[in-house]
Amino acid sequence: MNVVYYCWDGIFDSPMAAMIHLGYLSEERPPKIGELLALPNYGRVDRAAGRLYLAGVDGYKNAVFTLGCLNKAEMIQRVILEATRQLFKSEAQFLFFDCQSIPAWRCFLAKKLAMADPSGLRLNCRESIKSFAKIAAVVKNAKENLGY
Amino acid sequence: MKVVYMCFGRAHSSVVASAIHLGYLDPQQTPTVPELTKLPLFDVSEASDLGVPKFVGCDTEGCEIYIVGLDGCRVQAQSAIESLAAILAVPSREFLIVETLGAIGWLAKFGGFLSRQLHFVKIGRPIVAHGIIRSYDLLCELVESVKKELSVIAAKDQETGNPDHRR
Numbered sequence: 001m002n003v004v005y006y007c008w009d010g011i012f013d014s015p016m017a018a019m020i021h022l023g024y025l026s027e028e029r030p031p032k033i034g035e036l037l038a039l040p041n042y043g044r045v046d047r048a049a050g051r052l053y054l055a056g057v058d059g060y061k062n063a064v065f066t067l068g069c070l071n072k073a074e075m076i077q078r079v080i081l082e083a084t085r086q087l088f089k090s091e092a093q094f095l096f097f098d099c100q101s102i103p104a105w106r107c108f109l110a111k112k113l114a115m116a117d118p119s120g121l122r123l124n125c126r127e128s129i130k131s132f133a134k135i136a137a138v139v140k141n142a143k144e145n146l147g148y
Numbered sequence: 001m002k003v004v005y006m007c008f009g010r011a012h013s014s015v016v017a018s019a020i021h022l023g024y025l026d027p028q029q030t031p032t033v034p035e036l037t038k039l040p041l042f043d044v045s046e047a048s049d050l051g052v053p054k055f056v057g058c059d060t061e062g063c064e065i066y067i068v069g070l071d072g073c074r075v076q077a078q079s080a081i082e083s084l085a086a087i088l089a090v091p092s093r094e095f096l097i098v099e100t101l102g103a104i105g106w107l108a109k110f111g112g113f114l115s116r117q118l119h120f121v122k123i124g125r126p127i128v129a130h131g132i133i134r135s136y137d138l139l140c141e142l143v144e145s146v147k148k149e150l151s152v153i154a155a156k157d158q159e160t161g162n163p164d165h166r167r
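Taken in order, these protein sequences are the chains called A and B.
Each step along the first sequence adds one to the number in my numbering, with nothing skipped, and position 36 is 36.
Each step along the second sequence adds one to the number in my numbering, with nothing skipped, and position 56 is 56.
Honestly, I wouldn't trust all of these hints.
[Stated by the list, open to error] Computed cross-link-like contacts, DSS-like style, restricted to lysine-lysine with a CA-CA straight-line distance of at most 25 Å:
hint, chain 1, residue 1, chain 2, residue 2
1, B, Lys-2, B, Lys-122
2, A, Lys-72, B, Lys-54
3, B, Lys-2, A, Lys-89
4, A, Lys-112, A, Lys-130
5, A, Lys-72, B, Lys-109
6, B, Lys-2, B, Lys-156
7, A, Lys-130, A, Lys-143
8, B, Lys-147, A, Lys-89
9, B, Lys-122, B, Lys-109
10, B, Lys-109, A, Lys-89
[Stated by the list, open to error] Ranges of calculated distance between the beta carbons of each label pair, as one might list FRET restraints:
hint, chain 1, residue 1, chain 2, residue 2, range
11, A, Trp-105, B, Thr-30, 43 to 51 Å
12, A, Ser-26, B, Phe-120, 40 to 48 Å
13, B, Asp-137, A, Leu-95, 30 to 38 Å
[Claimed, not checked] With the C-beta cut set under 7 Å, the calculated list includes, among others, these residues of chain B facing chain A:
hint, residue
14, Gly-51
15, Val-52
16, Asp-71
17, Cys-73
18, Gln-76
19, Ala-77
20, Ser-79
21, Ala-80
22, Ile-81
23, Ser-83
24, Leu-84
25, Leu-88
26, Val-90
Quick caveat, the hints were computed from the structure, so don't treat them as lab data.
Glycine included, each C-beta is placed from N, C-alpha and C at the ideal position.
This is chain B alone, in the form it adopts within the complex (with noise of 0.2 Å):
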């Protein structure tokens, strides 16, 4: 199973919650802004990084971890990648594309606008971390919902039979 969250820039919203799904934020307490700053794939993505899928870690369950950025056009990209699949015979119930950017603020826009879009990093990277740390309890309701998600399609394929469900 992959899991793919994708959001503007593939620098924030899919990061944090990404961070959020791998346990390396923990969801009961608030990050701090260097918290979030330490994290390595945190306001660093250049418009290079933009359509390519990263792989970050897999989860307690197995499940491999992407982010992805996709720029204004996520919800072409997202028919793009599951007409994709189809293609390729991937089943659906195989990959999950959970879009990250609604659960964030506009303070976190405004701050990862500055930071990326601008280049004003100094002013920009600490604007987008108050406004993640403002959204967080929405990130980790998102995610808790992905993993719930997760363990659903995992009771269905048990119960199917298919062997493969983690892969």
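This is chain A alone, in the form it adopts within the complex (with noise of 0.2 Å):
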């Protein structure tokens, strides 16, 4: 199984929840500020919109993704299922979950700050600070469909 964690980005929402779920934060108590900025897939600006990142392998060997989707959630996923079964003829299976928490302005304000320079992923850092009960909560939500 693949899990997909999804947001308008993919830079902040689905790197923090792909983190939760794979271990490297805390799953109870919100992440500060010099851990979000040291996990290696947070705040990285040159992640194109689209396309599927392997943030790591769960202990149940399901490899988890980070996807950025802009407003176009739906139709990425279905190209995505699409595509694996009409054009690759594969019977991978993938699973999505929204964990899209901080706005989309905000976002896209912090990415063009951050390849101005990289001190502005800062102005997201709280935001993801404050949306860790939401992220938490969707992670949660997965790792119970995945039936852990």
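Mind docking these for me? Both chains are given alone in their own frames, and the hints should help you get the complex.
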């Protein structure tokens, strides 16, 4: 099974969800800014929307991916699912979980600022920490769906 | 090898490009409006078809030809397909995604919008057909470049001894 956490740009919310899923961040307490910035895939402004990025493999051997969908989440999901079956003739399974929490405009602004200066990421760190409860709930739901 | 012609709605430019590739339309002779509208998939797609690759046939070299409509997220969807291929361990030389929308002009896009988006089929279909006829040479050039690229890939595969380059 492939687990996909998706958000607007795949830079803030979905990497945080993936890191909670994989145990790099606690499920119980919100992370600190330093912990977030130390994550390998948080705030990576070079990541392209639509591309699946492997965050890691969990203890049940399920691959965990992050994905940025902009405002076309339904279409991107359909493309991935249909291309898997029709184009690549694969039986691979994908489960998608929406963990969008930070508003799109804020993600856009933080990304543009961070491209000019990495400290721009800090604009969203506090928002990510504030969103912790919501994102942790998405991860909990995902794990329940996976039968953990 | 798989070739995916992609456009906005999987109704016009990708359908015509695939028809040229498969030999249903003659690249030497510009088709008439009835010839275009008689193509089985011309101007018939619905919103539910978006994002779904449709197999339309195999060319003379055995390449599988697909068409897909990707709405306004062609760049993101192409990235999704390419990353998916990497995840599924499909080598990048085994598929080719070709954007066809750039080969048609505003008239075809306008007719397509009238027919598919606004459902003014009687008005939009002839307009889009005329638009495609105006852009037919560009579509033929695009398909020709795709065929050349396929032959280059095949030649490279033969050099490197890859036996299943037409898989």
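Here is what the structure says about each hint:
1. Lys-2/B x Lys-122/B: Distance of about 34 Å is beyond 25 Å: violated.
2. Lys-72/A x Lys-54/B: Distance ~20 Å between Lys-72/A and Lys-54/B Cα, so the pair holds.
3. Lys-2/B x Lys-89/A: 12 Å, holds
4. Lys-112/A x Lys-130/A: 21 Å, holds
5. Lys-72/A x Lys-109/B: Since the Cα atoms of Lys-72/A and Lys-109/B sit roughly 21 Å apart, the hinted pair holds (cutoff 25 Å).
6. Lys-2/B x Lys-156/B: 16 Å, holds
7. Lys-130/A x Lys-143/A: Holds: Lys-130/A and Lys-143/A sit about 22 Å apart, inside 25 Å.
8. Lys-147/B x Lys-89/A: 24 Å, holds
9. Lys-122/B x Lys-109/B: Between Lys-122/B and Lys-109/B the Cα gap is close to 15 Å, so the pair holds against 25 Å.
10. Lys-109/B x Lys-89/A: Violated, because 32 Å separates the two Cα atoms, which is more than 25 Å.
11. Trp-105/A x Thr-30/B: 43 to 51 Å: The hinted range 43 to 51 Å holds for Trp-105/A and Thr-30/B, with Cβ atoms some 48 Å apart.
12. Ser-26/A x Phe-120/B: 40 to 48 Å: 57 Å, violated
13. Asp-137/B x Leu-95/A: 30 to 38 Å: 46 Å, violated
14. Gly-51: 4 Å, holds
15. Val-52: 5 Å, holds
16. Asp-71: This interface hint holds because 6 Å falls under the 7 Å limit.
17. Cys-73: 4 Å, holds
18. Gln-76: 3 Å, holds
19. Ala-77: With Cβ-Cβ at 5 Å, under 7 Å, it holds.
20. Ser-79: 4 Å, holds
21. Ala-80: 4 Å, holds
22. Ile-81: 5 Å, holds
23. Ser-83: 4 Å, holds
24. Leu-84: For Leu-84/B, the interface hint holds, since the closest Cβ of chain A sits about 6 Å away, which is under 7 Å.
25. Leu-88: Given a least distance of 5 Å, the restraint on Leu-88/B holds.
26. Val-90: 5 Å, holds
Checked against the numbered hints given earlier, this structure breaks hints 1, 10, 12 and 13; the rest are met.
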